[in-house]
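Chemist: For reference, the chains in residue letters:
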Amino acid sequence: MARVELMDYEQALELFEPVIGLEVHVELNTETKMFSPAPNPANEKYHGAAPNTLVSPVCLGLPGSLPVVNGEAVEKSISLGLALGCSIAESSRFARKNYFYPDLAKNYQISQYDEPIAFDGEVEVELADGRTFQVPIERAHMEEDAGKLTHVGGATGRIQGAEYSLVDYNRAGVPLVEIVTRPIFGAEGDAPELAKAYVSTIRDIAISLGISEARMERGNLRCDANVSLRPRGAEQLGTRTETKNVNSFRSIERAVRYEIQRQAAILAKGGAITQETRHWHEDTGTTSPGRPKSDADDYRYFPEPDLVPVVPSPERVAELRDALPEPPAARRRRLKAEWSFTDLEFQDVVNGGLLNEVAATVAAGASPAAARKWWTGELTRLANASETDAASLASPEHVAELAALVEAGTLTDRLARQVLEGVVAGEGSPQQIVDARGLAVVSDDGALIAAIDEALAAQPDVLAKIRDGKVQAAGAVIGAVMKAMQGKADAARVRELVLERAAAAE
Amino acid sequence: MSHSDELIRLSAAELARRLGRGEVSSVEATQAHLDRIAAVDGAVHAFLHVNAEGALRAAAEVDRARAAGESLGELAGVPIAIKDVLVTEGMPSTSGSKILEGWIPPYDATPVRKVREAGLVPLGKTNMDEFAMGSSTEHSAYGPTHNPWDLDRIPGGSGGGSAASVAAFEAPLALGSDTGGSIRQPAHVTGTVGVKPTYGAVSRYGSIALASSLDQIGPVTRTVLDAALLQDVIAGHDPHDSTSIAEPWPSMAEAVRRADVQGLRIGVVKELDTDGFQAGVRQRFHESLELLERNGAEIVEVEAPNFEHAIAAYYLILPAEASSNLAKFDSVRFGLRVTPQGGGTVEQVMAASREAGFGPEVKRRIILGTYALSAGYYDAYYGSAQKVRTLVQRDFDQAFAKVDVLATPTAPTTAFKLGEKLDDPLAMYLNDIATIPANLAGVPGISLPAGLAPEDGLPVGIQFLAPARQDARLYNVGGALERLLEAEWGGPLIAKAPDLSTHELTATEEGAL
Chain A
489 MARVELMDYE QALELFEPVI GLEVHVELNT ETKMFSPAPN PANEKYHGAA PNTLVSPVCL
549 GLPGSLPVVN GEAVEKSISL GLALGCSIAE SSRFARKNYF YPDLAKNYQI SQYDEPIAFD
609 GEVEVELADG RTFQVPIERA HMEEDAGKLT HVGGATGRIQ GAEYSLVDYN RAGVPLVEIV
669 TRPIFGAEGD APELAKAYVS TIRDIAISLG ISEARMERGN LRCDANVSLR PRGAEQLGTR
729 TETKNVNSFR SIERAVRYEI QRQAAILAKG GAITQETRHW HEDTGTTSPG RPKSDADDYR
789 YFPEPDLVPV VPSPERVAEL RDALPEPPAA RRRRLKAEWS FTDLEFQDVV NGGLLNEVAA
849 TVAAGASPAA ARKWWTGELT RLANASETDA ASLASPEHVA ELAALVEAGT LTDRLARQVL
909 EGVVAGEGSP QQIVDARGLA VVSDDGALIA AIDEALAAQP DVLAKIRDGK VQAAGAVIGA
969 VMKAMQGKAD AARVRELVLE RAAAAE
Chain B
116 MSHSDELIRL SAAELARRLG RGEVSSVEAT QAHLDRIAAV DGAVHAFLHV NAEGALRAAA
176 EVDRARAAGE SLGELAGVPI AIKDVLVTEG MPSTSGSKIL EGWIPPYDAT PVRKVREAGL
236 VPLGKTNMDE FAMGSSTEHS AYGPTHNPWD LDRIPGGSGG GSAASVAAFE APLALGSDTG
296 GSIRQPAHVT GTVGVKPTYG AVSRYGSIAL ASSLDQIGPV TRTVLDAALL QDVIAGHDPH
356 DSTSIAEPWP SMAEAVRRAD VQGLRIGVVK ELDTDGFQAG VRQRFHESLE LLERNGAEIV
416 EVEAPNFEHA IAAYYLILPA EASSNLAKFD SVRFGLRVTP QGGGTVEQVM AASREAGFGP
476 EVKRRIILGT YALSAGYYDA YYGSAQKVRT LVQRDFDQAF AKVDVLATPT APTTAFKLGE
536 KLDDPLAMYL NDIATIPANL AGVPGISLPA GLAPEDGLPV GIQFLAPARQ DARLYNVGGA
596 LERLLEAEWG GPLIAKAPDL STHELTATEE GAL
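For the protein sequence lines, the chains are A and B, in the order given. Everything in the first sequence is counted per our numbering, starting at 489 for the first residue and increasing by one. Everything in the second sequence is counted per our numbering, starting at 116 for the first residue and increasing by one.
Extracted from the complex, chain B is given alone in its bound form (with noise of 0.2 Å):
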C-alpha cells in the first residue's frame, strides 16, 4: 500500500494526531485526497464540485500556522466533504438544483465557517437528491452517485454523496443534513457513521432550507469518535439561527472515549421490529442488542403506538414547508432564469423558471404542501400533522421515561439497485420509516454499522435515538458497539468493501467530472 493510499485510509481522529505530531503535512493528506477523488469519483460521483485549488491553499495555511506554532483545533489540517445544501462562499451551491447551477454565494453557512475556523480543508460539494428531497440520490439534477459496495446501488439519500465519500475514502470527514433520515439512511447503505443531533444543536444558518422545523446539520463520518469530533466543532449557539440552542454542549469525543455500556438501559421499539425490515437486517440488529447485553447494557423492549402514523405526518408537515421555503427560487434574484418564447411578464417568467429548474420530485411536493396548506385543507391536513407529531413527541416521552436510549434498525432494507424504486414514490419514502420519527420529535440520532447482511452482503446499520439535548447517550453507546463490534471483526466494516481503486473504473455518463 502506497504513502498516499495509507493516508486515506486514516480514520481523521488518526490523521489528526499524525498531523498534531508532524509525521504528515495537511497538503500532503489534501492530496491523497484529491489523487483519490481524481481516481475513483468518475465511478462513483460523490462529488458535484471538487475545489482542489482552494483546499490546497487552505492545507499550506493550517502547515504555515502549524509550523509558526499557532494553536490550532483538534481536527486542524484534516479535509472534509461539504453536502452541497451549505452555501459556501467561494464554491457553487446547488443543492442538487439545476434551479441554482452555476451560483455562488457570497456567505458561508455557519456549519462551513465553523469547520474553517477550526482549520478543517474542505474538498468540495457532494452530490445530494434536489434540495434533499429523497432516500438514493437519484433525485439529484445532475445524475445519481454510486454506493461504492455496489456501484449498481443507490448510496442513500438524500446525503448519498456525503456517505458515498467518506465510504469510497474520498474524504475522511463530511458534513450532511438530515430532515428524515438524509444523513443516517446513507449511513446505513454505506457502512459508515451518520449523526443527526438534537434539533438546534447546530446552526442551519447557510443550509437551504428543505422543512425549516425538521432540518438537522450532522456529522458524516467513518467512525464513531471522527463525528464526535466533528460535532464538537459544529455544534454551539448561532444568533443567525433562533432556534439553535444556547446552552453549552458537554465533549462528544468525551463520551467515546470513555464509552461504557454497563447499566445502560436500551428500550427496542415494538413497532420498529417486524417484518417489515429484511432478515439480514433485522439479524445484525439483534446480534448487536446481543453483545450490548452481555457487556452490562439492558434491553427492554418500548412502544410508540403512534409512530405508524409518522410518515403521514411527516409527508405533510415537509411539503408544506418546502412549497414555502422553496418560493424563492423565482429567478429574480438569483439562478436560473427562463423567458418564455417572445418575452413574458414576471410571472411568466418566475413560471417558466420553475417549471424548467425543478425536477418532478421537486415539483410533486410543492403541489403537495401548497395543496396541505390551502384554506378548507389547512386543519385537516397540516393540522392534523401536527397533532401527530406532538403524539410522537408523547411516545419518545413515555419511553425516554423508561429507557436511557432507543434501538431500531436504521432503515429496512439494505442498498436497493439504482433505479429500483425510482417511479414509486411511496416505496421511496418507506425507506425513512425509523429515521423520521426523531426529526418530528427533534431528538438524536446515530447510525452505525452493525454488519453485513447474509443474503446480500450489504452494509447494515443500527440507530439509536436519545432524549432532545442528550446526544452524549448516543456517542457513548455507539462509541462501545463500535469498539465490541470492531473487536469481532477483527477491524472496521468498511475495509471489507471493495478497493475501488484495484478496479477497473469507467467513468459512467452522469459520473463524469
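One chain only, chain A, in its complex shape (with noise of 0.2 Å):
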C-alpha cells in the first residue's frame, strides 16, 4: 500500500475548516430481540452465550417466519429520543433495507428509512476545559442489529483471503437504536475531543436511562464518524469519508483528527477525497478503504409490509418523558457538589470518561475520594499502559471491595495495587485475590514481635540509640521486618512495636 501522507494538524486547521458527522448505534438491553421472541445477548443476562444458541425462526429468516415489534425496544427507543431533545413521531414505520450479505439472515435489514420515531434533538456536550457544545441532532430510528462472521484462515481475519467463515446469528436482531447528527460546524480544532466526548454523552445517557450495557468494548456502542474538509472561507461542503470500527473513545478522537491530517494533505495537493466508508485501524491508528459509497448504495427501499406502523399514545410519550433521569450536565454539577472535589479533581474524574464508574463506586460503597483515587490513579494508568479504557477493566463492585479492605486495615496502598492487578487479569474479587494469594496485613503482633526481634538480634546496636534519643535509628528495623514479611506488615504498627521494645528494654 502506498505511503499515506498527513499534514501537520495544525496547518491541516489553518488551511481547512473540519465539519463532523456522527453516528451512534446503542444496542438496547431489552430481554428479547427487536422483532422476535429469542433472547437478546445485548442483555447483560444473556451475554457470551455459544453461538447461534438465542435464535429463533424469524432471526434466522426461516421461509414463513414474520417479525413482531419489541414493545420494550420502543418505549427505550422513545426515552433516548426524549433524552436527546428530539419530537417523537406520532406514528413512524419501518423499511426494508435490502442487500445481500451472510450476516444478514433475511438478506433485507429492517430498518427506519423515512420516518423514523424520533427526530429533531440537540445534546448538550461538554470538553475536558469545561466549555460545552451543543450537538444537534437529525434523528434517531430504531433497527435490527446483523449477525457476526467469523473469517477462518488467512492473515488478517478478514473475509479476503480467508478459508472460509462462520455465521453466529445471536446478534442478528438486536435492537438498535441509531442516532445521527447533523454536520457539525465550529469545534475547529476541538473536533476529534469533541467527537469523543459526543459518544461519551450518548454513553452516559444510555446508561442513566437503563437501556443499555453500553459498553464500547462488547459493541454496546458503536461509531461511525463522518469527517470533511472544507477551504477556510468556502461555503460548500467537502466530500466525506465515513470511518467505521471505531470502538473505543480513544479511538473515536484518533480517527476523526487522522481523517483531517490525511484528507488536508490530499487536498492541499490539489487532489479529491473519494467518497467512501473507511475502516479504523486500532493497531496503527490509521483509516483504510473500505468500499466506495457512492453507486453501490441502492438500497431499494420499501415500507416493511409485515409491520403495522408503530403509533405511541401521547400519555405514554408523556409519562417516559416525565420519567427521564436528570441531563449528563446537570448530573456532573450535582455530582460535583455532592463529592466535594476540586475542580481539578473533578476534571480528572470527567476527561477520564470515569464519572459513571466513579459513582458506582461509590453507591457501592467507596468514599468519594478513595473511588476518585483508584479510577484515575492505577487503573487508569493501567489502561494508559495496554491502551484500553479504564472503565473496561475493573467493576465498580471490585474497586468498592478493594476500597474497603484498605479502610478497613487489611491491604496496604502496595498490597491493594498488587490486588488490583489481579483483578485486571480477571483472578476474582479483591477477596477471592488476597485469599489466593495471601496478600492481607499481617496483623498477628505475634508474627511481628517474632520478626522484630529476629531483625533486633542482627542489629543490636539499634535499641541503644533508640534509648539515646535516636527515633530514626528504628527505620533500619522496620525495613528489615518489612521484608522480612514481604511487605504484608503494616509499617506504622511495626515502628510502634520496636518503640515499645525499646522502652521495655530501658
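For the record, the hints were derived by calculation from the structure and aren't laboratory data. C-beta atoms are modelled at their ideal positions from N, C-alpha and C, and glycine is treated no differently. Treat the hints with caution; some may be incorrect.
Stated by the list, open to error - Listed next, the in silico DSSO-like pairs over lysine-lysine satisfying Cα-Cα at most 30 Å (straight line):
id, chain 1, residue 1, chain 2, residue 2
1, A, Lys585, B, Lys385
2, A, Lys636, A, Lys585
3, A, Lys636, B, Lys213
4, A, Lys585, B, Lys478
5, A, Lys824, A, Lys861
6, A, Lys976, A, Lys958
7, B, Lys517, B, Lys478
8, A, Lys971, A, Lys953
9, A, Lys757, A, Lys636
10, A, Lys971, A, Lys861
11, B, Lys532, A, Lys585
12, A, Lys757, A, Lys533
Unchecked claim - Listing some non-contacts, in silico: residues in chain A with all C-beta distances to chain B over 10 Å:
id, residue
13, Thr520
14, Pro555
15, Val557
16, Glu610
17, Thr762
18, Thr772
19, Trp827
20, Ser917
21, Pro948
22, Gly957
23, Lys976
Starting from the two chains in their separate frames, assemble the complex, guided by the hints.
Modeler: Put into C-alpha cells, the structure is as follows:
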C-alpha cells in the first residue's frame, strides 16, 4: 500500500475547516430481540452465549417467519429520543433495506427510513476544559442488528483470503437505535475531542436511562465518524468519508484527527477525496479504504409490509418524558457538589470518562475520594499501559471492595495495587485474590514481634540508639521486618512495636 | 359404491357428523382418502408429499380422544390437505420450488397448528406454482397438477393442488393461499369452493411469503358450509403476525346455516361484466344473479373505474415485495446449495444456488421487482402502483356504500389446456383480472360453482366480494346461492365430474408419486 501522507494538524486547521457528523448505534438491553422472542445477547443476562443458541425462526430468516415489533424496544427508543431532546413521531414506520450479505439472515435489514421514531434534537456536550457544545441531532431510528461473521484462515482475519467463514446469528435481530447528528460546524481543532465527548455523552445518557449496557468493547455502542474538510472561506461542504469500526473513546478522537490530517494532505496537493467507507485500525492508528459509497448504495428501501406503523399513545410518551433522569450536564454539577471535589479533581474524573465508574463505586460503598483515587490513579495507569479504557478493566463493585479492604487495614496501598492487578487479570474479586495470594497485611502482633526480635538480633545497637533519643534508627529495623514479611506488614504498627521494645528494655 | 367410495364423497360437515356419532372412525376416513390418493393422484398429481403414517397416527389419536370422551372440535378427525406454501413441522415444505427441495421446517405455520389443534388430520402437502407465482400450477418445479374434470387441462393456480385434491375427492378440505386469486381461480376451474378471507383474518405466520401485503390463507372445499367451518378454525388473532386482526370473528358456519338473500343488495361490477369473459362464463354468472333476484335479492350495477389498472399495479407491488421476500433463499442457512466448479466466494455460491434453484417465472418476477424498487424508478413504479391501490380501495368504498356485496365472474375463461398459455406471461396474468382487486384492497372474496359452461362442459365459478371484516356476508350469499343452484341441479355440481376411479389411469411422468 502506498504510504499515506499526513499534514501537520495545526497546518491542516489553518487551511481547512473540519466538519464532522457522527452516527452512533446503541444496542438496547431488552429482554428479547427487536422482532423476535429470542433472548437478546445485548442484555447482560445473555451476554457470551454459545454461537447460534439465541435464535428463533425469525432471526434465522426461516421461510414463513414474520417479525413482530418488541414493545420494550419501542419504549426504550422513545426514552432515548426524549433524552436527546428529540420530537417523537406520532406515527413511524419500518422499511426494508435490501442487500445481500451472509450475516443478514433475510438479506434485508428492517430499519426505519423516511419515518424515524425520533427527530430534531440537541445534546449538550462538555469538553475537557469545561466548554460546552450543542450538538444537533437529525434523527434517532430503530433497526435490527446483523449477525456476526468470523473469518477463519488467511492472515488478516478479514473476508479476503479467508478459507471459510462462520456465522453467528445470536446478534441477528438485536435492537439498535441509530442516532444521527446533523453536520457539526465550528468545533475547529476541538473536533476530535468533541467527537469523543459526544459519544461519551450518549453513553452517559444510555446508562442513566438503563436502556443499554453501553459497553464499547462489547459493541453495545458503536460509532461511525463522518469527516469532511472545506477550504477556509468556502461555503460548500467537502466530500466526506465515513470511518467505521471505531470502538473506543480514544479511537474516536484519534480517527477524526487522522482523517483531518489525511484529507488535508490530499486536498492541499490538489487531489480529491473519494466518498467512501474507511476502516479504523486500532493497532496502527490509521484508516484504510473500504468500499466506495456512491453507486453501491441502492438499498431499494420500501415500507416493511409485515409490520404496522408504530403509533405510541401521547399519554405514554408523556409518562416516559416525566420519568427521564437528569441530563448528564446537570448530573455532573450535582455530583461535583456531593463529592466535594475540586475543579481539578472533578475534571480528572470526567476527562478520564470515569464519572459513571466513580459514581457506581461510591454507590457500592466507597468514599468519593477513594473511588476517584483508584479510577484516575492506578486503573488509568494500567489502562494507558495496555491502551484500553479504564472502565473496561474492573467493575465498580470490585473497586469499592478494594477500597473497603484498605479502609479496614487488611491491605496497604502497595498490597492493594497488587490485588488490583489480579482483578484486572480476571483472577476474581479483591477478597478472593487476597485469599488466594495470601496478600493480607499481617496483623498478628506475635508474628511481627518474632520478626522484630530477629531483626534486632542482627542489629544489636539499634535499641541503644533509640534509647539515646535517635528514634530514626528504628527505620533500619522496620525495613528489615517489612522485607522479611514480604511487605505484608503495616509499617506504622511495626514502628510502634519497635519503640515499645526499646522502652521495655530500658 | 363401496363404503370407502362413499366416505370420500361426503362433505366435511357430513363426515364430521358421522365421526361425532361414532358411525365411522377417523382412521377409516383417513385410510379411505389415502386409498383414493393412491388410486388417482398418479394422474392428478395434486400432492407433492403424502404423509400416510403421520395422518393415520393423528387419526388414531382423535379416535382415542373421542372414545375417552374428551371434548373435540367440530371437524376433529376430518382429513385435510395443506398447500405446500405453509410450513409444516415434520413434513417437507417446498413452496413448489427446487430451492427448498427436502427442507423440513422446525415449526408449524399458525393455520397448520390451528387445524392440528382442532383435531383435523393433515394428509400431506399440495402442489402449487413455484412460490405461488402462476395461475395454472405449470410453474411448479415438480410438474403440473391436472384438472380432475379433464386431465389435459389446468387446475388453476397457484393453488391447483389444493383445488384438485378436493375436486378429485382426495381430501374433503384443503388450505390454500390467495395473493391475487390463487384460491378463487382454482375453485372456479375445478367446480369447487374457495375463500380468500379479509386480509389479516388468518395469520400469515408460517406461510412462505410471496407478497406480504397481499397474501392471505383461506379454505378450499367442495361446499360453502365446509369452507365456513374451516375458516372458523383458522381465523383469529395471532401474536406472531402483526397484520392479523385483533377483534374476534362471528361464526361463518352460522352465516351459512342462516343464509337468506331477502333484501340483500348485490352490485354487479360493470367493468368486469364484459365481452372479455367467455360466453358460458357470463351466461352462468347472469343466471345465478337472476336466481338470487327471484329469491329476494336486489341486483344493482356499480362502477369501479380503477379496476382496469389493478393488474398493472398488482404486477409492480407483487414482484417488488417478492424480490425482497425471496432474498432469504441464498443457501446459507437452508435449502439448495450449488457451489460453482472449483469453489467460489459466498456471493458466487449464492448466485449459483439461486440460478439453479429458481424457475423462470420466479426469476422474471424478482428482476421486475428489483427494477421497480430501484433508485430513480421507485416513484414511477412502486410509488404509482401504491396510488392505484388506494384508488382501487376507494372504488370498493364507494361501491359498498351502495350495496352489501359485489358479484363478478371469478375468472375470464374455463380451464384452458396445459401448455396453452405457458409461453405468454401476459395472457396468464389476465386470468386474475377479477380476483386481484380484492387482494389490493384487502377485502374478502368467495368463489363457488355456478354451473358448467355450455360450450365446453367445464365448471364456471361466481365470485362475491364483501367489505373488509364482513366475511360473513360472503358465507350468507354463497350459502344461499349454493342451496338454490343445487335445488335446480338436483345435487352438487361436483357430482357431474368424471369418475376418475372408473378410468384407466396411467401415471404421467411428472405426476408419478
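Chemist: Compare the structure with each hint and give your call.
Modeler: Hint check results:
no.	hint	in the structure
1	A/Lys585 - B/Lys385	violated (41 Å)
2	A/Lys636 - A/Lys585	holds (18 Å)
3	A/Lys636 - B/Lys213	holds (29 Å)
4	A/Lys585 - B/Lys478	holds (20 Å)
5	A/Lys824 - A/Lys861	holds (15 Å)
6	A/Lys976 - A/Lys958	holds (26 Å)
7	B/Lys517 - B/Lys478	violated (42 Å)
8	A/Lys971 - A/Lys953	holds (22 Å)
9	A/Lys757 - A/Lys636	violated (40 Å)
10	A/Lys971 - A/Lys861	holds (27 Å)
11	B/Lys532 - A/Lys585	violated (42 Å)
12	A/Lys757 - A/Lys533	violated (53 Å)
13	Thr520	holds (13 Å)
14	Pro555	violated (7 Å)
15	Val557	violated (7 Å)
16	Glu610	holds (31 Å)
17	Thr762	holds (20 Å)
18	Thr772	holds (27 Å)
19	Trp827	holds (48 Å)
20	Ser917	holds (42 Å)
21	Pro948	holds (82 Å)
22	Gly957	holds (85 Å)
23	Lys976	holds (58 Å)
Comparing the model with each earlier hint shows violations of hints 1, 7, 9, 11, 12, 14 and 15; every other hint is respected.
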